[in-house]
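So you can see what is in the structure, the chains are spelled out below.
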Amino acid sequence: MLQFFAEMSWLIPCYPFIGMLLSILWSPAIIRRTGPRPAGYINLLMTFVALLHGVLAFPATWGQSARYIEIVWLRVSDLTLTLPLEISSLTVGAMVLLTGLNLLAQLYGVGYLQTDWGWGRFYTLMALFEAGMCGLVLCNSLFFSYIVLEILTLGTYLLIGMWFNQPIVVTGARDAFLTKRVGDLFLLMGVLALYPLAGTWNFDGLAQWAQTAEVDPIVAALIGLALISGPIGKCAQFPLHLWLDEAMEGPLPSTILRNAVVVATGAWVIIKLAPVLALSPITLSVTIAIGVISAIGGSLIAIAQIDVKRALSYSVSAYMGLVFIAVGTQHIQSAYLLLLTHAVAMALLVMGVGGIILNCITQDLTQLGGLWSRRPIAGLTFLTGAAGLIALPPLSGFSALLKLVSQLWSTHPLLAAVVLVVNALTAFSLMRIFALIFGGRPTQMTIRAPEVNWEMTLPTVILAVFALHLPLILRSLDIRPVGDANLSLLLIWSSFFGASLSALVYFSPVISKPVNWLWSPLRNLFAYDFYTRTLYQSSVVLGVDALSRITDWFDRYFVDSLVNLVGLASIFGGETLKYNNTGRTQFYMLTISFWVALIAILMNWSTLSQLVI
Amino acid sequence: MLSLLIWLPIFGAVVIGLLPNQVSALRIRQGALAITGIVLLWTLGLVTQFDLNNPGVQLQEYFPWIEVLGLDYSLGVDGLSLVLVGLNSLLTWIAIYCSDVNTNRPRLFYALVLLVSGGVAGAFLSQNLLLFFLFYEVELVPFYLLVAIWGGVKRGYAATKFLLYTAVSGALILAAFLGLIWLADASSFAYDSLLGQTLPIGLQVLLLSGILIGFGIKIPLVPFHTWLPDTYVAASTPVAMLLGGVLAKLGAYGIFRFGLGLFPEAWAKLAPWLAVWAAVSVLYGATAAIAQKDIKRMVAYSSIGHMGYILLGGAALTTVGIVGAISQMAAHGLILALLFHLVGVVEAKVGTRELDVLNGLMNPVRGLPLISALLVLGAMASAGIPGLVGFIAEFLVFQGSFAVYPLQTLLCVIGTGLTAVYFVILLNRTCFGRLDNAIAYFPQVTWREKAPALILTALILILGVQPDWLTRWSEPITTAMVAAVPTEQAVQQIVQVSK
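Chains B and U are the protein sequences, given in the same order.
Mapping to the working numbering: the first sequence position 265 is 265, numbers consecutive.
Mapping to the working numbering: the second sequence position 448 is 448, numbers consecutive.
Think of the hints as simulated: they come from the structure by calculation, not from any bench.
The reader is advised that the hints may include incorrect statements.
Derived Cβ-Cβ restraints for the label pairs, each shown as a range [said to hold, decoys possible]:
id, chain 1, residue 1, chain 2, residue 2, range
1, U, 175, B, 565, 22 to 30 Å
2, B, 534, U, 175, 52 to 60 Å
3, U, 462, B, 576, 56 to 64 Å
4, U, 1, B, 565, 45 to 53 Å
These stretches of chain U come out as covered by chain B in the derived footprint (C-beta under 8 Å, 3 or more residues) [claimed, not checked]:
id, stretch
5, 407-414
6, 426-432
7, 469-481
One-sided excerpt, in silico: chain U residues whose CB lies under 7 Å from chain B [unchecked claim]:
id, residue
8, 17
9, 320
10, 385
11, 398
12, 420
A quick note: this is a predicted structure, and the numbers were derived from the prediction, not measured.
Cβ atoms here follow ideal geometry from the backbone N, Cα and C, with glycine treated the same way.
Turn these sequences into a full structure, and let the hints guide you.
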């Protein structure tokens, strides 16, 4: 019976997809009578079915070799596009995680968006993301991964633009779409360039090809760089990271998914592409460099943010940077484990914070404080999430980071140090958020802040319990923290160092907030995100804008003027010649004779010139 | 059988044109709808008759006409023309369906639209060069009148510009055709008798250039495009749909049928330049579109950019590339028609097309939510988001041409990125933002306005998810076309022999 569910695992993305199609009916102006809420309930049901299917199928895939299903999509001459599906414990497990987190986020959305009129659109897009992400993990082909990533880019645009009345939302949606699309198009270039060389887009085929391929190093580097561009955009890595910051203007329940799993779609693809990237040492170095910059830069920026959602989003960039480092050094297992633990912990952190944002009507950390006694559940779940994210045994973040550090220690000690630093900085940042929200004295915004409704509390608590049990689940799947004892001590020490330093600074009533010890240009550099927006404005945006104006000017005043000039010249010619219409036969005869003579001379010019000579 | 596609609309045009004054506009519209409906059903019937495995011309009809001139009435359909004939039948029906019920001078309007439809179908089906040319010129005057009488503010200027450009295009094409006949010493204008011509390569290139520029004006390709923004903007919505959806495809069809088909060797020789030309067109159209402030004008420039992909696919001379190019003709026809229709609805309801004035139409209560949603979809289809028909056409073009012209292909990929830029500008300004409640008293969008958009959207979605239904028709003929092109060495030999 379970075997049957495993074989039918390809249905899992179909459930949310059906949910999406159905909820389109409640998108504004089609079904009005019932109000938009049924869209949410249908999607909750479909997501639950998908989760149930995944949970039932998972045991049957465990320990089995992967099964492949191939569906021919399009055949044009020698190009056959086949959709290959891989059903293995990894893909089904990932789908269980995705549908599970989605179910919790959608239930959370029922509470969070209680008074919102956009349910139809919101749940349509949530279902689109769920279906797309499940499809992404299931499909075993670079081409179809690209398709899914591109469709999700559109989904991001619409989901961030959910509250499109606000100007900042509109620009955020625009930036997210365009930034991701830049990455996607480079990915498309890589996809196009890879096919003539490898002859396949299937990930396992590519891996096989990469083992024996002999490609020109420059070509390999260019293809590799194009291929990592898509994930750079998706994972909000430097220099395409700004969109995640602006995406925080979208509704919070979608942020749960975005911070936890949507950014991970890019990481998923780059992990799958790791064998191809390994063809070029340059690509690997660039991957590592981008990972390091994003990891350290992201965690530093996170500390300087006063918007709690943005502070969390930069930690996402930082952790995705760690995944890039893992891929760049070809430690695939660590990358997967890091994705899993990060997803659960980050979802929990966002959920914990969301209730506070809803009730206190602000996400500004400077306006919050003193909530510990009023909001114990939110505080505890936030702490659980924080503990799960940083290296703190026995929770799962510790296993993932320990594995990565011990793998890096022997080969790249500097990168291992980067991981330690990022861990300490993240611990600092999370403790800072905790202290600013829950510590200190109540402020005007937090003086009346009860716990939120059960629709939001329940999924948060369920996820917290899951996060606490994740190490046990991993253990039952034979994934235990392994590594050098000294390294684990070092890792734990870095977590404690970051967290306690932060607690010392931000809990202490003696130190006035905001803390401004740092040299102010440096502080602004972090607070304004390395001035990336200005950088964009003065380079790419300026360039495209100028180019479009120049083209428009050229088109209007040069090409079109030339055309009009031709028209004008002919009118002018006609107007001038009309005065020749005198009506005198002699004049006409003269004109005709003159021109005939001229033409005759011209036609016989060669003979005539010989005559003269 | 094929004749019905041509003559039913033309006879319909005559009958409608001669109807007495007492017949109401509504009746005339219904009559025109019925005629084009029959044509559409007939086209679907032809599709079922079409043999997918036969790369040649099918369902042929032949009557000798003026044999002295080498003009005969010979029709036929193959994979290339079938797709476009289908597009023509569909878009004509939709254009009539979404035309205003209270059109001025309804008899003339519907008669002209039907005349255009019959003429375009004739051009797609002709298997004789001179016959093609006659049909090609038939739609010239009706379109002039359609723009000049029912157009917008600058209709006189735009219509005259269109007329002059198209006349030049026609003259060049006729010159190239006549030149081919004389130089090849052919006895008739029959297409298949000219297929195996063996002219010196220099002459071939000369004739091909005439054809490329002639049809290039019609497509249009940069720098012969300036009639397009003016004409599209001045034309009313149904006319703009036909202009962009069908007429531009006539140019693309001509380039493939008479350029690539008749002069494969010269085509292969010019192909690298054509690829460059394609990339320039794509980038030029896209960058010019970004600077536009009028949404209809923006869509018009976007259309210039998108025609470049067709040329790129053709230049690549691979089966995948050309199938992609033909799919792009159909895809672009559907998407452009949808966009023009939606822009027309927005203009009709809101009263402006200015990007700086429009705002917040997605508002579910006071705005135009369904129209906005479809506008998002249409714009994204045009920007090449997968799952919609535009993507697969562009992807096939890129896939087919990358191995041959990597740099030009990459430039065109950048062009799709720029497409995303201006469509995001368009969507952000029109659909997103805060709707001013004080002025937001828009008339209700009627079912008659929604239906065409929904039909086109459904087609865009279905063909995007199931692209096989679009590509299967043109594959056999494309394979045959590519096979007719001599390889690199053969071209070298021909060049040397002719020297």
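Which hints, by number, does the structure contradict? Failing hint: just 8.
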